[in-house]
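J.: Sequence:
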Amino acid sequence: MILIDGKQTARDIRAELKAQVEAAVSAGRRAPGLAVILVGEDPASQVYVRNKERACAEAGILSFPYRLPADTTQDALLALIAELNGRDDVDGILLQLPLPGQLSASACLLAIDPAKDVDGFHPENVGRLSLNLPGMVSCTPAGVIELLRRYNLPTRGKKAVVLGRSDIVGKPLALLLARPGEFGDATVTLCHSRTPDLAAECRSADFLFLAIGRPRLITGDMVREGAVIIDVGINRTDEGLCGDADFESVSRKAAAITPVPGGVGPMTIAMLLKNTVQAWESRA
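Taking UniProt numbering, I'd label the letters of the sequence shown as residues 1 to 284.
Derived from the structure by calculation, the hints contain no laboratory data. Please read these numbers as outputs of a predicted model, since none were measured by experiment. Don't take every hint at face value.
Computed Cβ-Cβ distance ranges for the label pairs, DEER-style [as the list claims (entries may be wrong)]:
no. : residue 1 : residue 2 : range
1   : R179      : P69       : 37 to 43 Å
2   : A199      : T237      : 18 to 24 Å
3   : R203      : P154      : 20 to 26 Å
4   : N152      : E225      : 16 to 22 Å
5   : G86       : P65       : 17 to 23 Å
6   : G86       : L131      : 25 to 31 Å
7   : P69       : D197      : 46 to 52 Å
8   : M1        : A82       : 48 to 54 Å
9   : M1        : R149      : 18 to 24 Å
Glycine included, C-beta positions come from ideal geometry on N, C-alpha and C.
Just need the whole structure built from these sequences, with the hints factored in.
T.: This is the structure in structure tokens:
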């Protein structure tokens, strides 16, 4: 059984990006820049933002932090986004979610220049993904595909089952898995809370992707022998963090599996950095 190490893979990606950036800077280019907007004082968001800024430093990416008070108005936030859209030293804009209740996340995300939308949430980038065109891809699904690629786990011709139909994980991941290519070309089933006989769907999968947000929902009797299990779920329980899979029972049958924590989670930030460098390269 292969344990898919997202922490080490993310470290490798940061090192690769740092080398790429340092070579370009040595040749006279400016370093890439990421603007990070945090509105309010949500403790979890503060931790996430600090981790992202630390990762930027490790990859040689400049981080421009914006800490706004919780009572920030919609107009003020949109004005800041417009300013960042026009700045030549800002290649990517990250708006940390969730936002305080008086703010519209959809309106603010829509205001970000799609070329600087390093989260891959803008409708233009979502549309480009659906049409198999170049663009920014949502970081978590992109990280999943990157793990498959680096561990040489091709999905071509395989049955892939995705649990969860969220706009930021399940749906874009299903689209990526259906794309042409060695780490696409899968026959994809997208499951959700209304799916009848979920266990049977899971047992049909060569590749099972869990993003449903239910701690230890998937047990060993629900997966086939030799399946690849990618667990995107991060659930807080009294015993600590766990995924959507019951790791102990599922890992006995899996050919490869991601742990929680330490699997897909670190890849999300790594792909955010990769998207930022991609945006920087495209603006050269």
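J.: Looking only at beta-carbon atoms, does the pair R179, P69 fall within the given range of 37 to 43 Å?
T.: holds, 42 Å
J.: Range first: 48 to 54 Å. Now tell me if the beta carbons of M1 and A82 are that far apart.
T.: The hinted range 48 to 54 Å holds for M1 and A82, with Cβ atoms some 50 Å apart.
J.: CB of M1 to CB of R149, is that within 18 to 24 Å?
T.: Between M1 and R149, where Cβ atoms are some 19 Å apart, the hint holds.
J.: For the pair P69 and D197, does the Cβ-Cβ distance stay inside 46 to 52 Å?
T.: About 49 Å separates the Cβ atoms of P69 and D197, which means 46 to 52 Å holds.
J.: Can you tell me whether the CB distance of G86 to P65 sits inside 17 to 23 Å?
T.: For G86 and P65 the Cβ distance comes to about 19 Å; the hint holds.
J.: Quick check: does the Cβ-Cβ distance between N152 and E225 fall within 16 to 22 Å?
T.: Holds, at about 20 Å.
J.: Range first: 20 to 26 Å. Now tell me if the beta carbons of R203 and P154 are that far apart.
T.: The hinted range 20 to 26 Å holds for R203 and P154, with Cβ atoms some 21 Å apart.
J.: Take the C-beta atom of A199 and the C-beta atom of T237, compute their distance, and say whether it sits inside 18 to 24 Å.
T.: holds, 22 Å
J.: Assuming the hint says 25 to 31 Å, is it satisfied by the Cβ distance from G86 to L131 or not?
T.: Holds, at about 28 Å.
No hint from the list above goes unmet by this structure.
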